[in-house]
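Visitor: The chain contents come next:
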Amino acid sequence: GQQVMQIPQYQHVQEGEDFTTYCNSSTTLSNIQWYKQRPGGHPVFLIQLVKSGEVKKQKRLTFQFGEAKKNSSLHITATQTTDVGTYFCRATNAGKSTFGDGTTLTVKP
Amino acid sequence: GAGVSQSPSNKVTEKGKDVELRCDPISGHTALYWYRQSLGQGLEFLIYFQGNSAPDKSGLPSDRFSAERTGGSVSTLTIQRTQQEDSAVYLCASSLGGRKGLFFGSGTQLSVL
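Which chain is which? The protein sequence lines are A and B, in order. Note that my numbering gives residue 56 to position 56 of the first sequence, counting from 1, and the numbers run on in steps of one. With the second sequence counted from 1, adding 1000 to any position gets you my numbering.
With the rest of the complex left out, here is chain A (with noise of 0.2 Å):
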């Protein structure tokens, strides 16, 4: 069946500095979906990507879609403390969709 594998599976970082989640596949994706859940919240959908090669941008976010199609990545440019919480993807191929294990963002201020 399908697997997906996020990482980090833990990132601490100092306000300011960067962060990126990948999302990787073992199949070809039709389509990977970006949700972000807060602590003690719920996860809130971001964004999806369909195209391979696709770049889309969110003010800080910059999403990427890999050009096989098989795996993705979520960048965070200047981190603030605001972007904590737990990143996760969502990976559909041929109907059938995974949500990876989330990528835990921790900000230092």
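Since the hints were derived computationally from the structure, they do not count as laboratory data. Since the structure is predicted, the reported quantities are computational estimates derived from the model, not experimental observations. Mixed in with the good hints, there may be bad ones.
Unchecked claim - Straight-line C-alpha distance at most 30 Å; calculated BS3-like pairs for lysine-lysine:
(1) A:K59 / B:K1017
(2) B:K1057 / A:K70
(3) B:K1017 / A:K36
(4) A:K57 / A:K36
(5) A:K59 / A:K70
(6) B:K1057 / B:K1017
(7) B:K1100 / B:K1057
(8) A:K51 / A:K108
(9) A:K96 / A:K70
(10) B:K1100 / A:K70
(11) B:K1100 / A:K96
(12) A:K51 / B:K1100
(13) A:K108 / A:K57
(14) A:K56 / A:K36
(15) A:K51 / A:K70
(16) A:K70 / A:K57
(17) A:K108 / A:K36
(18) A:K108 / A:K96
(19) A:K108 / A:K56
(20) B:K1100 / A:K57
(21) B:K1057 / A:K96
(22) B:K1015 / B:K1057
(23) B:K1057 / A:K36
(24) A:K36 / A:K70
(25) A:K96 / A:K56
(26) B:K1100 / A:K56
(27) A:K108 / A:K59
(28) A:K96 / A:K36
(29) A:K70 / A:K56
(30) B:K1100 / A:K36
(31) A:K51 / A:K96
(32) B:K1011 / B:K1057
(33) A:K36 / A:K59
Claimed, not checked - The following residues of chain B were derived to be distant from chain A, with all beta-carbon distances above 10 Å:
(34) P1008
(35) E1014
(36) E1020
(37) P1061
(38) S1062
(39) T1070
(40) Q1084
Note that the Cβ used here is the ideal one computed from N, Cα and C, for glycine as well.
Dock chain B against the given chain A, drawing on the hints supplied.
Guide: Chain B only, in chain A's frame:
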């Protein structure tokens, strides 16, 4: 409503009792999902409804778990003979379709004593 609504927000029950968790999806969303999340853990898929199609029940952990969706809208997740390991946050999500982003409710925190 404006978002996905789940009730109750908290449920404390005794081991062996049955519980029902309710989810009101966003109006017009054809897809509805149930997930379970234990403290500090990831999202465990339980069940997926899409329109009038047969639900994907592949994530239900045992036959004590069941769910239904009436009239293509409200969904109820039922857990029979609850066990302590059922304690978790149960999250409902809806979307415009199987290929669209999911919008989650605030969840039901289930505690089985």
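Visitor: Find the hints from earlier in the document that the structure breaks and name them by number, from lowest to highest.
Guide: Hints 1, 3, 8 and 18 contradicted; others consistent.
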